[in-house]
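Asker: Now for the letters of each chain:
Protein chains: 2
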Amino acid sequence: MSDIPESHPRYLSLKTRENLVAAAHAGVVSYEGLTSHGRGEAFDYLFGEKTSASALAAEKLAAAVLLAAKHPVLSINGNTASLAAAEIADLQKASGAQVEVNLFHRTEERLVKVNAVLEEAGCVVNRGAVERCVPLPHDRGLCCPDGIGSADVVLVPLEDGDRCEALVKMGKIVITVDLNPIDRTSKMATLPIVDEVRRALPNIAAECRRLKAEGVTPVMPEIDSRAILQAAINDIKEFLDNALD
Amino acid sequence: MSDIPESHPRYLSLKTRENLVAAAHAGVVSYEGLTSHGRGEAFDYLFGEKTSASALAAEKLAAAVLLAAKHPVLSINGNTASLAAAEIADLQKASGAQVEVNLFHRTEERLVKVNAVLEEAGCVVNRGAVERCVPLPHDRGLCCPDGIGSADVVLVPLEDGDRCEALVKMGKIVITVDLNPIDRTSKMATLPIVDEVRRALPNIAAECRRLKAEGVTPVMPEIDSRAILQAAINDIKEFLDNALD
Chain A
1 MSDIPESHPR
11 YLSLKTRENL
21 VAAAHAGVVS
31 YEGLTSHGRG
41 EAFDYLFGEK
51 TSASALAAEK
61 LAAAVLLAAK
71 HPVLSINGNT
81 ASLAAAEIAD
91 LQKASGAQVE
101 VNLFHRTEER
111 LVKVNAVLEE
121 AGCVVNRGAV
131 ERCVPLPHDR
141 GLCCPDGIGS
151 ADVVLVPLED
161 GDRCEALVKM
171 GKIVITVDLN
181 PIDRTSKMAT
191 LPIVDEVRRA
201 LPNIAAECRR
211 LKAEGVTPVM
221 PEIDSRAILQ
231 AAINDIKEFL
241 DNALD
Chain B
1 MSDIPESHPR
11 YLSLKTRENL
21 VAAAHAGVVS
31 YEGLTSHGRG
41 EAFDYLFGEK
51 TSASALAAEK
61 LAAAVLLAAK
71 HPVLSINGNT
81 ASLAAAEIAD
91 LQKASGAQVE
101 VNLFHRTEER
111 LVKVNAVLEE
121 AGCVVNRGAV
131 ERCVPLPHDR
141 GLCCPDGIGS
151 ADVVLVPLED
161 GDRCEALVKM
171 GKIVITVDLN
181 PIDRTSKMAT
191 LPIVDEVRRA
201 LPNIAAECRR
211 LKAEGVTPVM
221 PEIDSRAILQ
231 AAINDIKEFL
241 DNALD
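Chains as they are written, first to last, in the numbering used here: chain A, 1 to 245; chain B, 1 to 245.
One or more hints might be untrue.
Since the list can't tell identical chains apart, any single copy or any two copies may satisfy a pair.
[Stated by the list, open to error] Simulated pairs of lysine-lysine, PhoX-like, Cα-Cα distance not exceeding 25 Å: (1) 187 with 50; (2) 169 with 113; (3) 15 with 187; (4) 169 with 50.
If you are wondering where the hints come from, they were derived from the structure by calculation, not from laboratory data.
Here the structure is a predicted model, which is why all the values come from computation and not from measurement.
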């Protein structure tokens, strides 16, 4: 660990990076995942590091989609597990969704470690045998036939656009959480949530609980993904208009 | 190294990340530096991964500033050395500036390795003894009294806003290369260049050669840093306007 002075204006952000570096050294996050986190950081600046009104609306839609689903699955990678294991466990309880680990840089060793991080946080993880259910020339195509393979709704935070597209082409409803509204991931998603994962997941869980408390029968909502992305782009443009003042 | 398929739409970007990961494992780049690289990647998307007209204009100004300087120094960190060692060597030849290494996550071991990367690429590196010339509560304050310590112009690619501010407060003309136009680094700089370092440095070197070929006496140009940053922001907004089409 380096000696970052607490007086540094970006102290907390720098400490979060150090924690992810520790997770990478522990084999939970891939080292390439550190770069991906940086991309998220950059876009989060452009939203003022807070959840926009349009993102919150998308998160409420996501809750309705998860509750209306026959077989929802939360597809979790190393970065998401390291950043938000407790939030994933809480969303699983609130939504009733399965949790399954899918890694871009997949090794059996990392798979075991990421599963452990999630289970220690209270997740029930599907550790079933995997097959190449998703047509991808890459280990990301591996998943549980009784999990992501047969899911009708998949929530894939911090996902790769390539895999997102493959899941959509399989006919699944794909909910993404990605701070880049013009990334292929967001463009390909059925329901793109443009927000930081540690803010998004608790918002979805809270709405799941609110909807269940209301006792209304869940119905699959209409989703205008382009309008959601345009709203996010407008939020960034508005932030940029005031960024030099 | 992971097995990224060449069919992946972001194959080259992913390979660049893998190369930086290798540099981190080799001790040249800090692991936190991988996250910083990701932030740059994200902003580069917003410029369409190409040099804007306003960035090129700033790069030409930077060449004039370097040639008009009495004692210009290129302050290089691990990321910059790993990404652009050859470009730094070429800019040193074209501008006559000193090259000195300054590390955010400073260790003697990394210092030796980064110096070696630069010298292997053809840089003449100032390896003189260091003192805390820059008032910072951090090793970044260490530099050579006959280098950055007494420089009138310092080019600091991929720099931290905290250090950029400290150098400006010392009365130095600070040229930054950072893809984030609203980062403190860019806002604090005397001359902010909002471009990818591997594109920016060759453009500055080419302009240095053009100016020297013209044989005009170098004069320190007027710099409107706010106008440069506003132009970069406008470039991003224009890109976003077409990003969903």
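Asker: Which of the listed hints are not met by the structure?
Answerer: When the structure is compared with the hints, numbers 2, 4 turn out to be violated.
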